[in-house]
Amino acid sequence: MSKPQILDADAIRRAITRIAHEIVEHHRGTEQLALVGIRTRGAVLAERLAQAIAKIDGVEVPVGALDITLYRDDLTAIGPNPIVHQTEIPFELTDQRIVLVDDVLYTGRTVRAALDALIDYGRPGVIQLAVLVDRGHRELPIRPDYVGKNVPTAPEEVVLVRLAETDGTDEVILGVAEEVKPHDA
Amino acid sequence: MTKLLIRGGRVIDPANQLEGTADVLIEEGRIAKVGPKLSAAGAEILEADGALVFPGFVDLHVHLRSPGREEKETVASGTRAAAKGGFTTVCAMANTDPPADSRPVIDYLLAEAQRTAVVHVLPIGAVTKGLAGESLAEIGELKAAGVVALSDDGHSIMNARLMRHALEYATMFDLPIIGHEEDTTLSAGGVMHEGRISVKQGVQGIPSTAETVMVARDILLAEATHSRLHLAHVSARETVELVRAAKRRGVAVTAEVTPHHLALTDEALQGYEPNFKMSPPLRSAEDQAALREGLRDGTIDCVATDHAPHTQAEKEVELETAPFGVIGLETALAVLLKTLVEPGLLTLTQLATVLSWRPAQILGLPCGTLSPGAVADVTIVDPARVWTVTAGAFASKSSNSPFLGWSLRGQVMEVVVAGRRVVQGGRVIGTNGKGDA
Amino acid sequence: MTREWTRKDLLGLEELSSEELLLLLEQARAFKEVSLRPIKKVPALRGRTVVLFFLEPSTRTRTSFELAAKRLSADILSIQAGSSSLSKGETLQDTIRNIEAMKVDIVVIRHAMSGAPRLVARTAVSSIVNAGDGSHEHPTQGLVDLYTIWEKKERIAGLNVTIVGDIAHSRVARSNLWGLTKLGAHVTLCGPPTLMPAGIEQFGVKVTYNLREAMRDADILMLLRLQLERQTQNLLPSIREYAKLFGIDREKLAWGKPDLLIMHPGPVNRGIELAPEVADGPQSLIYDQVTNGVAVRMAVLYLVSGGRQIRKARPAPSPTQPVGV
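Residue numbers (the working numbering), protein chains in the order written: chain D, 134 to 318; chain U, -14 to 422; chain G, 2 to 326.
Please keep in mind that the hints were generated in silico from the structure rather than gathered at the bench.
Treat the numbers as computed from the prediction; the structure is a model and nothing was measured.
Chain U regions said to be covered by chain G (calculated; three or more residues, Cβ under 8 Å): (1) 176 to 183; (2) 186 to 192; (3) 303 to 315.
Cβ atoms here follow ideal geometry from the backbone N, Cα and C, with glycine treated the same way.
Using the sequences and the hints, build the whole thing.
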């Protein structure tokens, strides 16, 4: 049974290119700009965004990867404590313009955790949010600054993002809850 | 007095080389006759069809804890436990508080037994004053008071010269010394058998040499002094070899082994559970095999439980802190059936020999047999009855058993002591089996 | 491969699988990074209470656990020997029950008797972490040592690790033995026969009383602290002789490979197991062990607190909702 495809590989590529343009335009260049991707797929997207920005502006902006496991607000509710991966932010955050990158924006809790984590690392000047897919159903007052595609969904549905670096192929599909393993941030 | 006819059971009486279906007639508290299809007018009939009929078991090694530690056991509860396990005679060890090293303590024990015991209680006197291993107790007095043997069990007689003199002196009264063979300098601090498991657990071990060194010493001393030595609770395979060689040489040494040493090994201590902690400790599989073979070939003469009650509060602590000792009167028979008789290592006649006949012989007691004229102590077992060992069901005051939770087959259903029915339908009845109504 | 930590307690390394050991090491690496941040704190155990119940004196293990719990934002309660009601005759079980009645989440326990944490874990509702019990195990120290080796050498399998000292009384040696053999290292034990447990070869290790031989092919040399009481127990003729035969100084260091690494769980009896210049020298990993101690213990506390949640949680597995993004 094939699941409806929301974005194919080309659509993903175009979305990333467009977001890269939007970021550079909004920040009037790349000075003091840095990208931080939320593990796992957000980090992959952040790398791709950085490459796209490099093509536009000729500058390689710093990229970091953030693991938010230790900041989740649901550690008491789920089963075994999820595996913690490493955070790598090889640059100074203070006063920088940070764009947080993630694959799917849903309730907003992951972004809330990411904000807490980032602030423990330093005091960014500005934090913005870029996501590939916004599926609605926010539970916290969080809004994205850059969106690849808005996809209205029902709660029992799930948006599956697959990227070549992690899953072997590029696509975004819509699935049903039972078939999905817990999102491993 | 009453006449009692035990009808149709499978009678096992090694003293008379009897094993077969027969009736047992009891009159005036003694065995009157054993034979097929006996008639007895006016006798109470006890149907024993399908049951095993043994001479009442004799336990040479029981700690009744009275006087002094009645929270663990009393003469009443201890003898009820004995009865439930089929033991009609128990020998009470001397490490009470005060210890049984003088006449008044023996008199007390015998008076308590007269008043509250449901089976025969025979006192064991101390070898040394206060069980301190320093000077001899007044053994003549103890003999006059009625002790059947001497033992410092619970403590060790470390001084070889003292042991020598004790053995010599005791021969004057024809009293065997029951040796608790433990070199405390080797065992000090130890908590379980020194072997693979103790290494893994990081627990201080008691090496086999703690026992064998003393066994060798005391066998040689007994040999040199021509005296009688009975080795309590043997646990190591080297001990069995030493006894075998000594018997071949004609030394008057006898030995006993506990049901728990026959059924368990040091593997039982992997959970640090204090209900498996006793002295001497449960040893390795090789030791266990040697003990079983030793019992089978007669090197080890008999089984004795070393019934050692401790309160729950005392045992429910860390392994190192818990006291040594486990109870055993109520589980002995079934455990032996399961570990030795069912697998075919021991026949029923051999079982009766090690539980009744041999212990009686060792102490020269007029029991352990169903010969006409013998005191009517009879134990009747339902070999098919299945039961589970549960803490709440013990007649003993304590429940520190290593067999908790075991499912066993074979239960004592009826026990007769001196002609009186003391256990009926598996339950202990009455408070005194000594003839008073 | 899904790897999950589902245990409520950490009582020893002997019962862990190699997957569980590797999981612990990987998590330790993630937590080491936290200790390198400017703000060395994460909210993962916020609102949880960790009790440090140390019935044997300890500075480094206790402070290491304390720091680990604090960096996870947990609340700490520290109870030490002598000050506890145990000295008034209360049993260990009762003391733990009383502590648990205050609704704590994790009890880290160090006890002089082997098996005490297991006794407690049987009835405890909170997670029990063994910080050293008698001569049985010191699992977090074993993990620290494993992690230090793994971080430095990028593997454990195939390494030659020699442990020197009073193996018989050492819980650190035992924990390391289980951890190293499970992960495929070749372990050699070295020390005088009176301090070597009889039959230890059965656990897949080599035994030798000759230090030179033990050092020859070693990649790692782990020294154990010698308790000075062993001399009075007639296990050693003198400390001086022990140091001469088994102590590592610069001269003896040359018996080993040039890239031989030295470890010691601490505290070091300088001049006995180790000469100061070796302890502080370039081949020593001793200070890495201390640094790694906090990260390893953070990983342990984090994982057991999750394991405890499973114990409490719903029985029937239900389809999992994707975690909110």
